[in-house]
Amino acid sequence: MAQKLKDYKKFIFFSIILISLGVTFTNTIDDVPSLGVVFIAIGGLFFIIGMSKKKKADNKSSD
Numbered sequence: 133m134a135q136k137l138k139d140y141k142k143f144i145f146f147s148i149i150l151i152s153l154g155v156t157f158t159n160t161i162d163d164v165p166s167l168g169v170v171f172i173a174i175g176g177l178f179f180i181i182g183m184s185k186k187k188k189a190d191n192k193s194s195d
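In terms of the working numbering, the sequence shown opens at residue 133 and continues consecutively.
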């Protein structure tokens, strides 16, 4: 059976993928290193959103 991920885990997982792609683009592709920086920034934004959602879910479950 497939198990559904919680909402904040999706955001955190997606952010890790974007950050790793950004690091790869920055270091390996010499033509567009700015694309890697953009991926890292967007990944960081998604990470912050995911951690905020996790904090809200933890607060809701503890109440």
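I should point out that these hints are in silico values taken from the structure, not numbers from a laboratory. Any given hint could be a false lead.
Said to hold, decoys possible - Below, a list of computed lysine-lysine pairs in the DSSO-like style, where the Cα atoms sit at most 30 Å apart: (1) Lys188 x Lys138; (2) Lys186 x Lys142; (3) Lys192 x Lys142; (4) Lys142 x Lys187; (5) Lys142 x Lys185; (6) Lys186 x Lys136; (7) Lys141 x Lys187; (8) Lys136 x Lys185.
We went through each hint and held it up to the structure:
About 12 Å separates the Cα atoms of Lys188 and Lys138, which keeps this hinted pair within 30 Å; it holds. Distance check on the hinted pair: Lys186 and Lys142 sit about 11 Å apart at the alpha-carbon level, within 30 Å; holds. For a cut-off of 30 Å, the pair hint linking Lys192 to Lys142 stands: about 18 Å separates their Cα positions. The straight-line distance between the Cα atoms of Lys142 and Lys187 is roughly 14 Å, inside the 30 Å bound, and the hint therefore holds.
Taken as a hint, the Lys142 and Lys185 pair is honoured in the structure, with Cα atoms around 10 Å apart against an allowance of 30 Å. Using a Cα cut-off of 30 Å, the hinted pair Lys186 and Lys136 holds, with the two alpha carbons roughly 16 Å apart. As the CA atoms of Lys141 and Lys187 are separated by approximately 12 Å, the hinted pair is consistent with the 30 Å bound. With a C-alpha separation of about 16 Å, the suggested pair Lys136 and Lys185 falls inside the 30 Å cut-off, and the hint holds.
In this structure, every one of the numbered hints holds.
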